[in-house]
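S.K.: The residues making up each chain are set out below.
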Amino acid sequence: MDGNYNNYNSFGGGGGGGFMPGEASSPAGGKTNDRDNKTLRPVTVKQVLDASQPFPEAPFQIDGADVANVLFMGQVRNISSQSTNVTYKIDDGTGEIEVKKWVDSNTADNMDTDDGKAPGDGKTELVLNGYARVFGSIKSFGNKRYIGAHSVRPLSDINELHTHLLEATAVHLFFTRGPPGAAPAGGNAASGGADAVMGGADDYSSGQSKALASMSLVAKKIYSLLKTEPQDDTGLHMQVIASKLNIPATEVARAGEELLSAGVIFSTMDEQTWAILEY
Amino acid sequence: MSLQTPRILPSHLHAFHPSGASSNTVRILGTVTALHGATGTLTCGNNGDVTLILKSDARLQVGKLVEVVGKVADLEGGQGYGIRVLGSTEWGDPADCDYKIYEHVVNATHKFKSIFYD
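So the sequences go chain by chain: A and B. Take the first sequence: its position 219, counted from the start at 1, is 219 in the UniProt record's numbering, and no numbers get skipped. Take the second sequence: its position 11, counted from the start at 1, is 11 in the UniProt record's numbering, and no numbers get skipped.
Hints should not be assumed to be uniformly reliable.
Now the stretches of chain A that chain B is said to cover, found in silico as 3 or more residues with beta-carbon under 8 Å [said to hold, decoys possible]:
(1) 86-95
(2) 127-137
(3) 212-218
(4) 254-265
Keep in mind that the hints were calculated from the coordinates and are not lab data. The C-beta atom is built at its ideal place from N, Cα and C for all residues, glycine as well.
Using the sequences and the accompanying hints, generate a full structural model.
M.R.: Quick look at the structure:
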């Protein structure tokens, strides 16, 4: 809320009541950021319990990154059905946490939806000591932390449980060490696609790897080509890059701009000849 | 604080023995290959066997994949370490589980301990 108020002030001088671009999102107040951040992060229960909150009502943070929604899997240790919600105690071997699933009376008797079950239904689906996958957001009430669940479903494939734990590790490493470069085996196992892109060029210095992480696929390809292709001091011409990578010259030019503006490559003979900026 | 149950392989048993470790409750995954009344054998992929010390009401079945939560204990007659079973979850056919993934999980959970265990 404070943020928006200040925003208003800074526009206020010249504004005189017009519709400001900055105000477009203001009706939602402090929740705007929350709504925009729709990421679903795989975590362990211990990470939820360890999550920090910079100030009351602020979004929770894990590894310094805001978390909107979390996903975890664990065994159901207790089920308690109330008229408005079902509370589960979930244990994933790293800790225990309460999960509240509100009962939506509108969907309770709708057979087509598999979430929003009535308390009775939930019980037949999820069994005590069986595994569940939970997806929801971190809440706190007093000093107690719990999960406001969007969905609590039974888990039947053990591989899903194991890959989840590896994913949680991979995401944790992403936030603490940066994107996968020469990532350790544990982190690599689960991060699939992203690795394939970075795979060919995992030996660049960490500063550049951070800059590259947010770039387009083409930019990453150009970088790794410049890194590996034999060349003299003047680097490679844009046309050469385009033909070697089999990518249209216009795309190469656009991606080249990205790399140039980030300062990871520089132009040599002319504007279209680039080499890697080593530092 | 809640109870933590580290996932392990047979070769890690010694690290959770009551004499040394602060916590000796562990989680282990394997196939039940033999049952002899009060004890059973859990085969953990290519990582060897563990002797399970069963409760009287244990309902394990030979040939099923199970995840066991239990305490590391000495076996009678000094035959090394075993696990006193506190609870078990049946996961069905061992062929449906890629044990390699579990091995990676065990490695990852111990290598990046901060997000899994205290």
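S.K.: Can you confirm whether chain B covers the stretch 254-265 of chain A, using C-beta to C-beta distances below 8 Å and requiring at least three such residues?
M.R.: violated (count 0)
S.K.: Counting residues of the stretch 86-95 of chain A that have a beta-carbon nearer than 8 Å to any beta-carbon of chain B, does the count reach 3?
M.R.: Coverage by chain B holds here, the residue count being 4 at a Cβ distance below 8 Å.
S.K.: Okay, the stretch 212-218 of chain A and chain B, do three or more residues pass the C-beta test at under 8 Å?
M.R.: Coverage by chain B is violated here, the residue count being 0 at a Cβ distance below 8 Å.
S.K.: Counting residues of the stretch 127-137 of chain A whose CB is closer than 8 Å to a CB in chain B, do you get three or more?
M.R.: Satisfied; 3 residues make the cut.
The structure is inconsistent with the numbered hints 3, 4, although it conforms to all the rest.
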